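Q: First to last, the sequence lines map onto chains A and B.
Residue numbering for the first sequence follows my numbering, starting at 59 and increasing by one per position.
Residue numbering for the second sequence follows my numbering, starting at 149 and increasing by one per position.
Please note: incorrect hints may appear among the correct ones.
Using C-beta positions, here's what the derived DEER-type ranges look like [to be verified]:
(1) A:111 / B:403: 24 to 34 Å
(2) A:63 / B:203: 37 to 47 Å
(3) B:248 / A:128: 26 to 36 Å
(4) B:326 / A:143: 22 to 32 Å
(5) B:165 / A:111: 45 to 55 Å
(6) A:111 / B:488: 34 to 44 Å
(7) A:128 / B:441: 21 to 31 Å
In short, the hints are calculated from the structure, not lab data.
Please read these numbers as outputs of a predicted model, since none were measured by experiment.
Don't be surprised by glycine CBs; every beta carbon is placed ideally from N, CA and C.
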Amino acid sequence: MALTKDRVKERLTEKFGENIIGLEEQYGIIAFSVPAELNMDVLQFLYDDEELQFRFLTDITGVHYPDRKSEELCVVYHVHNLKHNIRIRFKAFVPIEQPDIKTACDLYSAANWMERETYDFFGINFVGHPDLRRILNVDEMEHFPMRKEFPMEDPTRTDKDDEMFGRGSIVV
Amino acid sequence: MAEEKQHIRLADADVEKQTTTLNLGPTHPATHGIFENVLEIDGEKIISSKQTVGYIHRAFEKIAERRPYYQVTPLTDRLNYCSAPINNMGWHMTIEKLLGVKTPKRVDYMRVIIMELSRIADHLICNSVIGVDTGALTGFTYVFQWRELIYEIYEEVCGSRLTTNIGRVGGFERNFTKAAWEKIDKFMAGFPKTMKEFEALLTRNRIFMDRCIGAGPISAERALNYGFTGPNLRAAGVDYDVRVTDPYCSYEDFDFKVPVGTTGDVYDRFLVRNGEIWESYSIIEQALEKIKKIEQDDPAQKDVFYAVEADKYHLPPKEDVYTKMEALIYHFKIVMGEIEVLPGEVYHSVEGGNGEVGYYLISDGGRCAYRLHFRRPCFIYYQAFPEIIKDGLLSDAVVTLSSMNVIAGELDA
Numbered sequence: 059m060a061l062t063k064d065r066v067k068e069r070l071t072e073k074f075g076e077n078i079i080g081l082e083e084q085y086g087i088i089a090f091s092v093p094a095e096l097n098m099d100v101l102q103f104l105y106d107d108e109e110l111q112f113r114f115l116t117d118i119t120g121v122h123y124p125d126r127k128s129e130e131l132c133v134v135y136h137v138h139n140l141k142h143n144i145r146i147r148f149k150a151f152v153p154i155e156q157p158d159i160k161t162a163c164d165l166y167s168a169a170n171w172m173e174r175e176t177y178d179f180f181g182i183n184f185v186g187h188p189d190l191r192r193i194l195n196v197d198e199m200e201h202f203p204m205r206k207e208f209p210m211e212d213p214t215r216t217d218k219d220d221e222m223f224g225r226g227s228i229v230v
Numbered sequence: 149m150a151e152e153k154q155h156i157r158l159a160d161a162d163v164e165k166q167t168t169t170l171n172l173g174p175t176h177p178a179t180h181g182i183f184e185n186v187l188e189i190d191g192e193k194i195i196s197s198k199q200t201v202g203y204i205h206r207a208f209e210k211i212a213e214r215r216p217y218y219q220v221t222p223l224t225d226r227l228n229y230c231s232a233p234i235n236n237m238g239w240h241m242t243i244e245k246l247l248g249v250k251t252p253k254r255v256d257y258m259r260v261i262i263m264e265l266s267r268i269a270d271h272l273i274c275n276s277v278i279g280v281d282t283g284a285l286t287g288f289t290y291v292f293q294w295r296e297l298i299y300e301i302y303e304e305v306c307g308s309r310l311t312t313n314i315g316r317v318g319g320f321e322r323n324f325t326k327a328a329w330e331k332i333d334k335f336m337a338g339f340p341k342t343m344k345e346f347e348a349l350l351t352r353n354r355i356f357m358d359r360c361i362g363a364g365p366i367s368a369e370r371a372l373n374y375g376f377t378g379p380n381l382r383a384a385g386v387d388y389d390v391r392v393t394d395p396y397c398s399y400e401d402f403d404f405k406v407p408v409g410t411t412g413d414v415y416d417r418f419l420v421r422n423g424e425i426w427e428s429y430s431i432i433e434q435a436l437e438k439i440k441k442i443e444q445d446d447p448a449q450k451d452v453f454y455a456v457e458a459d460k461y462h463l464p465p466k467e468d469v470y471t472k473m474e475a476l477i478y479h480f481k482i483v484m485g486e487i488e489v490l491p492g493e494v495y496h497s498v499e500g501g502n503g504e505v506g507y508y509l510i511s512d513g514g515r516c517a518y519r520l521h522f523r524r525p526c527f528i529y530y531q532a533f534p535e536i537i538k539d540g541l542l543s544d545a546v547v548t549l550s551s552m553n554v555i556a557g558e559l560d561a
């Protein structure tokens, strides 16, 4: 019997109950968020469960929401059930002061570089990662450039009104 | 005692037994791009290796947070620059998904033609370069004239060749010209002969087979765990193709096969790409027929090259901009990036030359993306490279790299 999206949602809420936050479908993808400490439990459950079998890691990336207090950074996972073609996206929020989250490297070899990239750009600390170094930027870099406090253009420029040209710089 | 047996007897204390560290790259003629690999080799056997990436990182994701949507398209060109149109159209389709725009069938089929042409161009480079790296330059020169013709077709459609910036949200910037259709017909008429010649040169060539069979293999299980997609995954025996599982751009209307391999080695990757070239050729044939049928049934369709519901995202014709107020306003708004986009989160993926190219877009309703992430297949599967080449020969590592078709632009974004 083909696995349906409703069944996936049912299994997830059965298993994790209240911890599955904001479960909905966004443009055909099941989306929700989980507490940061449960990220690997969810991934492992999706992988192991006989019925669900989400065994393909499509993507890991980060997002910075400066306005969300004590959950400023977020790790976004995309997993895919190739057999029944169902995709899941879930987010795990971590505070910017201590952005620790468990690594997915033990489960997926693909997670290694994805997590290094997320660390490189957002400074998210993947606990247990075998080689958490910068990957695309130079090793000497001191900040995490995809965070919103770093505007694309020189913020000291006065000759250019940001209101007219693109997004205004975000003050954190 | 058996393991101490040596073929060459060295004089005592003459040569120290040690491994050599070799830098393959960052700029090495056999790596076709900026890839640094530090290899630890014992003679010619690779003991271990470490890659460094990021030499041409250009911060596309950061730039995209300050550019209106249509200005992101040129950034996507520079990911996999061997098949830029697929990236461009993937991006347009991502926005269309966010906006809920449904494109007319004729537009879909025109896009399919361009995307499949670029898939052919992409695979031609990869496969002919495997030939070059094994010492056969001839095949490369044979197929390149057809890649050149494909680039001329791009030129007719959008004005540029390598970094195409082709199409717009909703369709194309202008209808295909007569010359473009003629060039597509010329390609369809002449390409199979050269392709057959190319296959005759390499596919059953003893030297080529000896170099490729068994070099750089990966099992289906490891490939999936490493997040492989595209021809490299299919060579390992998994029939995952985004065009089939999540059909976009009316791919469900086409009848095509998904070639798969068994061992995931260089030779299988070569065969899978060759198979895909033929499938792409057949898809273009079908698309041309379908467009002909649409135009026969309704001659008015001949002028349809973009979705009318996306006209707020489509530059008005130049003569209208000069003569009509409305058109001038829209032209200005579009150029200044003052286009409203709904807030939302969307992930859209297309089957690129190297696998699943994904666009994860978070829009907060502003003029630019709040966050845009590119899933670059190269970046994800290149991390398996040390595991694949381990215990192989140095020359195998070179053909493995070219058969994986790692594109520096896509790797580093």
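Q: Decide, hint by hint, whether the structure agrees.
A: Tested hints:
no., hint, result
1, A:111 / B:403: 24 to 34 Å, "holds, 29 Å"
2, A:63 / B:203: 37 to 47 Å, "holds, 42 Å"
3, B:248 / A:128: 26 to 36 Å, "holds, 35 Å"
4, B:326 / A:143: 22 to 32 Å, "violated, 41 Å"
5, B:165 / A:111: 45 to 55 Å, "holds, 48 Å"
6, A:111 / B:488: 34 to 44 Å, "holds, 40 Å"
7, A:128 / B:441: 21 to 31 Å, "violated, 59 Å"
Hints 4, 7 from the earlier list are contradicted by this structure; the remaining hints agree with it.
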